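Asker: These protein sequences, in sequence, are chains A and B.
Under the UniProt record's numbering, the first sequence is numbered contiguously, ending at residue 470.
Under the UniProt record's numbering, the second sequence is numbered contiguously, ending at residue 470.
Calculated from the structure, these hints are not laboratory results.
Watch out, some of these pointers could steer you wrong.
Identical chains share a label here; the pair holds if one copy fits it or two copies do between them.
Claimed, not checked - With a cut-off of at most 30 Å between alpha-carbon atoms, the simulated DSSO-like pairs for lysine-lysine come out as follows:
| hint | residue 1 | residue 2 |
| --- | --- | --- |
| 1 | K101 | K246 |
| 2 | K22 | K372 |
| 3 | K326 | K417 |
| 4 | K416 | K216 |
| 5 | K271 | K197 |
| 6 | K362 | K372 |
Everything numeric in this text was worked out from a predicted model, so none of it was measured.
2 protein chains.
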Amino acid sequence: MVNYNTVTDNVIEEIKNAVSGKVYVGEEINIDFFHDEMPIYGEGQPELVVDATNAEEIAKVVKICNDNKIPVVPRGAGTGLTGAGVSRHGGVMINMQSMNKILDYDEENMVVRVEPGVLLNDLAEDCLSRGYMYPPDPGEKFATLGGNVATNAGGMRAVKYGTTRNYVRSMEVVTPTGEITTFGATVSKTSTGYSLKDLMIGSEGTLGIITELTLKIIPAPKETMSLIVPYEDLDTCISTVPKLFKANLNPQAIEFMEKEIVNMSEIYIGKSTFPKELEGIDIGAYLLITFDDEDEDALNDIVEQAAEVLMEAGAIDILVADTPNKMKEAWAARSSFLEAIESQTKLLDECDVVVPINMIAKYVHYVNERAKDFPFEVKSFGHAGDGNLHIYTCSNDMEKEEFIKQVDVFMNDIYKKAYEFGGQISGEHGIGFGKKTFLHEFEGEVNTELMRGIKKVFDPNLILNPDKVV
Amino acid sequence: MVNYNTVTDNVIEEIKNAVSGKVYVGEEINIDFFHDEMPIYGEGQPELVVDATNAEEIAKVVKICNDNKIPVVPRGAGTGLTGAGVSRHGGVMINMQSMNKILDYDEENMVVRVEPGVLLNDLAEDCLSRGYMYPPDPGEKFATLGGNVATNAGGMRAVKYGTTRNYVRSMEVVTPTGEITTFGATVSKTSTGYSLKDLMIGSEGTLGIITELTLKIIPAPKETMSLIVPYEDLDTCISTVPKLFKANLNPQAIEFMEKEIVNMSEIYIGKSTFPKELEGIDIGAYLLITFDDEDEDALNDIVEQAAEVLMEAGAIDILVADTPNKMKEAWAARSSFLEAIESQTKLLDECDVVVPINMIAKYVHYVNERAKDFPFEVKSFGHAGDGNLHIYTCSNDMEKEEFIKQVDVFMNDIYKKAYEFGGQISGEHGIGFGKKTFLHEFEGEVNTELMRGIKKVFDPNLILNPDKVV
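The task is simple: from the sequences and hints, build the whole structure.
Answerer: Encoded structure:
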């Protein structure tokens, strides 16, 4: 356990003198900064919040904190689900949202340079207006890009386009000792020493503060089409997925969902799009698939081939959404799953495991069976194309302490099963504070000690985002 | 400088008792193990070579060496170009070539599990015979897959399919302290702590010994077609490349080559395929492009669109290679560049820089201009699709010492320019021993110290592949 110092009046003065960004102390700090989107992992109050303006000023603040052994937490839009952006030992919080400029596009090298506080949605729209696409597409569109990189955010389109990791060409970073450096370059291929850039991606603000990003973009695909595919049961539904890959149909996204969560979400948004019964058969599960292509005819061909594979694999029907409006409708319920769940419970916890895609059905069955032994409700959905599942436990009317205690037993059990099936703790939300003990338990002593050693190399005084990941 | 111990009779005995693989001592060791494909970086003789059989035995050997402070060098097929697989302090060499089994295919998750000594060519052919493709395609087909991962090998198809990094799902590793662990899992998406897997990829046998790999494979594209595209000069040739990307034509490979090297290689292989003069115009440079697709008509469409872009951008003609034989012919000269260069010189050195693709022409001009000040010959070619250039200095009849001295000045100068242009030291060959001082100079003190710190976390006694990378 490290003993940190508090932010004294002298330190406040030093920081105020070092920066041009606004500084908030004590009660001036907005209470929104005390938690992220998963309040079950606890609140934490920074002693000082400073609006970031540029790398030089951030480096000065970090140096002051490093010299004084004061914790520093970089914070994006606060949309995290693991407590990674919450201050657990007071100290200084650096609000990166104020560094929100899209700096420039380099169209010959197909990259865009941005400040880390730019929101994903803003970059996505700006790219589209120029005929480009920034492929990473996590559910939360109002996260910062810095936060996306810090968690290696995935999202729906990861199936075809990969995760955030695949789109980071280079980054400027302030190290925990206050040095400014660059990892990577505007090149698609490099073998220039250890990949410090890849180490930073997914390190959740514990190894350095990202102050600029150069991100790969691609030409926006001209045509997209979505399919709603109902099945009688989850097994048949999920077992289709490897067949689509084997046929090389290269879907952009494949989501699976069970009937219950679709119902709940459609009630929440007040609109019903998914069929519940077809040809006298009760629908038990759905795939929601998107394909894209440069060419309308080619896309129609792909969808035709896909339809054949899907029907052969036991789909009851195929509903095609081939206009922007119909696609929006098809995805509306899916986009509101988390909000719908949140609206129905006081408190919730979440498991973001990833398992090999041929294990999804078996794993979901296991989770549903295991859930019967617990007094809370369990709701799950996920990315069938990459095996990443979101499993929510809902307290409903349970007491907080009892809920936390019981959820811990349940989570431990289902993480264990995920590892038995060849999976890992987190597909895209990261470890933060909430999953730390699970990481250590399931990734093992050797890997955990290596991670701890790396943390100390970057951050000898352990001031940067302490108590997260390792 | 670390003081290592020598391999004593006791240690030999201990190792012989610990392993079932063959052990070679002193003069029993084949002299092929003393160097790699770039002898200019010097020879080095291990005291003992052991044929690897499995992770457990490798762990035992590493533990013995770690306890006795004896260097250990893991070695693949010895095809490296940086001296990374050469023993510089005696000690023990672990010959990974004996672990050469393709273990199993998991077709539902689209991965193949292999031992690290499997040759790239063997996996590539085995995959194709099952309708799959393992996309990484470095020039050297007879390297081991472990070596490919250790250097993050790139190759021709990196333009469309990415480098080796993109195809490693997980690996079993023996750490420098003799522990066996696993990094990653059979999943395409993970945010489970720091990416130790990505740190291992490209670490050139300095952080651990890879004992098993789970690699992603994809369905083999059904149709491929290559184009030879002659231009009057290099500028026009290279300036076409960003236009192909902008048109979203997604080529599999784009190589550029100047007339001189094509001539030399065609003489070497005794066959001429590339036009040297067209419509009274002397050809100065070429693009060699491959496209692939699932569908013949779609591929024809793409090639038609590409032809339009190419001709508009100043191509003199377009020669289509649309049968396996014609494609083989089109690529024959390109495949023999290195051998052709080697055949004409006593000694050579190599620079494997990577620059942003819009800087290639400017960079090659700079290199050609600079080369005029030096007494050696310079020959270059490269991957126009990803900015990775291979620049060879040929000693011809120069004395070795003088050649090394002058090449050092030249390399320093052209690396400096690469960084000015936003590039990096190595696109795919790595750092090894030969590029170490350049890495430190151009990646800077902060990054180098981080790399050194990481090395110590993995390898506190610095026994694993010492004197490489950091």
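Asker: Just pull the numbers of the violated hints for me, sorted ascending.
Answerer: 2, 3, 5
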